[in-house]
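Top to bottom, those sequences are chains V and S. Following the working numbering, the numbering of the first sequence begins with 1 at its first residue and continues without gaps. Following the working numbering, the numbering of the second sequence begins with 1 at its first residue and continues without gaps.
In short, the hints are calculated from the structure, not lab data. It is possible that some hints are incorrect.
Okay, derived cross-link-like pairs now, DSS-like style, lysine-lysine, Cα gap no bigger than 30 angstroms in a straight line [unchecked claim]:
hint : chain 1 : residue 1 : chain 2 : residue 2
1    : V       : K9        : S       : K68
2    : S       : K49       : S       : K99
3    : S       : K61       : S       : K49
4    : S       : K61       : S       : K99
5    : V       : K9        : S       : K49
6    : S       : K68       : S       : K99
7    : V       : K9        : S       : K99
8    : S       : K111      : S       : K61
9    : S       : K49       : S       : K111
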Amino acid sequence: NAGVTQTPKFQVLKTGQSMTLQCAQDMNHEYMSWYRQDPGMGLRLIHYSVGAGITDQGEVPNGYNVSRSTTEDFPLRLLSAAPSQTSVYFCASQRSSHQSSYEQYFGPGTRLTVT
Amino acid sequence: AQSVTQPDIHITVSEGASLELRCNYSYGATPYLFWYVQSPGQGLQLLLKYFSGDTLVQGIKGFEAEFKRSQSSFNLRKPSVHWSDAAEYFCAVGRGGFKTIFGAGTRLFVKA
């Protein structure tokens, strides 16, 4: 059981470039989400998905797109990278919204620098 | 508005000493409450959670937390800190659905 995996671990982009951060989970979890972590600001929700084909915006969605064609995968696309998107990105999954399984499992993160 | 406040950006504790990390929340109803730990270069790991019932909850690695409704607090404690506890700690709240709100984090340094 690999849990939640993210690739790449590190990435440097130039302003205006696009790229996709990959996230996959092998736990058959219903929910998946993307967060960004910036110093002093904790984790902020970018986008989330409650199942294959269903996505919604979080707190800071601008500049990012997501899709969920399968239960396992939830890629995050940066359309035109900006220096403000320099951050550490975490993908997380959660089995369901029921109390008994209300716990998020996090990937190891992707450190992105935009120059 | 829903929010989580962790008043201490960083705390330094001597190895073997006790630890308390503070967390206050603002929420319309009694939320689900969580503490996560993040070791350097790693993702977050759940330490413990509170949904209802006994207000003192036990977690992994010898941590515990107490929910105090009157103070809107959910402070994390450990009686004796080990050097391996040095990490960043996040308090979080949620209530049904999927959206969880995280605090800004408290970084713990452990002195030998």
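Evaluation of the provided hints:
For the hint pairing K9 of chain V with K68 of chain S, the CA-to-CA distance comes to about 39 angstroms; that exceeds 30 angstroms, so the pair is violated. Distance check on the hinted pair: K49 of chain S and K99 of chain S sit about 15 angstroms apart at the alpha-carbon level, within 30 angstroms; holds. Taking the CA atoms of K61 of chain S and K49 of chain S, the gap is near 14 angstroms; set against the 30 angstroms cutoff, the hint holds. Pair hint K61 of chain S plus K99 of chain S holds up; C-alpha atoms about 26 angstroms apart against a cutoff of 30 angstroms.
Restraint check for K9 of chain V and K49 of chain S: the C-alpha separation of about 29 angstroms stays at or below 30 angstroms, so the hint holds. As the CA atoms of K68 of chain S and K99 of chain S are separated by approximately 22 angstroms, the hinted pair is consistent with the 30 angstroms bound. With a C-alpha separation of about 25 angstroms, the suggested pair K9 of chain V and K99 of chain S falls inside the 30 angstroms cut-off, and the hint holds. Proximity of K111 of chain S to K61 of chain S is assessed by CA-CA distance (about 19 angstroms); at most 30 angstroms being required, the pair is judged to hold.
A threshold of 30 angstroms between alpha carbons decides the hint, and for K49 of chain S with K111 of chain S the separation of about 28 angstroms falls inside it, so the pair holds.
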